[in-house]
Amino acid sequence: MLVLGRKKGETLLIGDSIEITVVEVQGDNVKLSIQAPREVSIFRKEVFEEIKSENLKAAENVHSLEALEKLKNFQINDKD
Amino acid sequence: MQTNSALFGELEYEEQDIVYFPAGIPAFENEHRFIIIPGEEGTPFFFLQSLGKPELCLIITQPFIFFPNYTIEINDEDQKMLDCQGDKEKLLIYVVLTIPEDFKQSTANLLAPIIINHEKRIGMQYIAVNSKYNTRHYIFAQSEQEIAATAQEG
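Quick note, the sequences are listed as chains S and X, same order. The first sequence begins at 21 in my numbering and counts up one residue at a time. The second sequence begins at 6 in my numbering and counts up one residue at a time.
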């Protein structure tokens with residue numbers, strides 16, 4: 021892993037198509053501007069991890085047959 | 006064709022039933038081929054069954070039934086990935102449900118909907134970068150006590 025320091029207004033280049041600029045630093049907060057090709061997905065890591073863990077949970081819970089029974093008997097009007 | 010499902014046992018499907026997920030879905034990145042099985046008639050639920058992993062079957066629903074005001078904006082790049090040429094009519098939106106033992110506390114992941122181009126049979130779990138939603142929205146109205154109880158359970 022590479023660790024390096026940057027000041028406000030300075031930029032990092034990753035390969036030849038990704039640029040990350042430090043826009044603002046305020047205490048613990050850093051605001052970054054990212055320029056990347058459109059096909060590169062950029063996510064906040066914790067959001068991605070949360071979606072992963074929710075998918076795992078959703079997949080696991082499907083095996084509770086009791087819940088499936090409830091699904092079967094569900095009518096749209098039940099939702100309220 | 007036939008596949009095995011941990012939930013349904015042996016399942017018959019046709020080539021044209023397959024939805025291809027180029028990127029898989031988060032936590033199951035290697036699963037690319039799925040079929041969608043409608044739930045019991047009259048219910049709004051569907052099953053997203055992986056063809057490669059019999060035990061992987063997610064329960065999904067159409068969000069607008071439970072969340073009439075739900076909106077989702079799909080960026081250009083992902084629209085391209087879904088090959089919909091700007092035609093939203095081609096897209097079906099589902100959300101993944103997490104169903105705990107207490108069915109009333111079921112939640113929907115509105116942050117990352119499953120979007121499918123039903124013509125081209127291409128799908129993805131879409132992650133909006135700045136979304137007002139999270140991964141756990143109750144699908145049934147909750148009383149305040151119930152919300153408090155859930156909060157305590159963590």
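Please keep in mind that the hints were generated in silico from the structure rather than gathered at the bench. These figures come from a predicted structure and were not determined experimentally. Among these hints, one or two may not hold up.
What the hints assert, rightly or not - Lysine-lysine pairs mimicking DSBU-like chemistry, simulated, CA-CA at most 30 Å apart:
hint: 1; chain 1: S; residue 1: LYS28; chain 2: X; residue 2: LYS93
hint: 2; chain 1: S; residue 1: LYS92; chain 2: X; residue 2: LYS58
hint: 3; chain 1: X; residue 1: LYS95; chain 2: S; residue 2: LYS92
hint: 4; chain 1: S; residue 1: LYS72; chain 2: X; residue 2: LYS58
hint: 5; chain 1: X; residue 1: LYS85; chain 2: S; residue 2: LYS72
hint: 6; chain 1: S; residue 1: LYS27; chain 2: X; residue 2: LYS125
hint: 7; chain 1: S; residue 1: LYS51; chain 2: X; residue 2: LYS95
hint: 8; chain 1: S; residue 1: LYS27; chain 2: X; residue 2: LYS109
hint: 9; chain 1: X; residue 1: LYS137; chain 2: S; residue 2: LYS28
hint: 10; chain 1: X; residue 1: LYS137; chain 2: S; residue 2: LYS51
hint: 11; chain 1: S; residue 1: LYS90; chain 2: X; residue 2: LYS58
hint: 12; chain 1: X; residue 1: LYS85; chain 2: S; residue 2: LYS90
hint: 13; chain 1: X; residue 1: LYS125; chain 2: S; residue 2: LYS72
hint: 14; chain 1: X; residue 1: LYS93; chain 2: S; residue 2: LYS65
hint: 15; chain 1: X; residue 1: LYS85; chain 2: S; residue 2: LYS65
hint: 16; chain 1: S; residue 1: LYS92; chain 2: X; residue 2: LYS85
hint: 17; chain 1: X; residue 1: LYS85; chain 2: S; residue 2: LYS27
hint: 18; chain 1: X; residue 1: LYS109; chain 2: S; residue 2: LYS77
hint: 19; chain 1: X; residue 1: LYS95; chain 2: S; residue 2: LYS27
hint: 20; chain 1: S; residue 1: LYS77; chain 2: X; residue 2: LYS137
hint: 21; chain 1: X; residue 1: LYS58; chain 2: S; residue 2: LYS28
Would you list, in rising numerical order, the hints stated earlier that this structure does not obey? Hints 1, 6, 7, 8, 12, 16, 17, 19 and 21 contradicted; others consistent.
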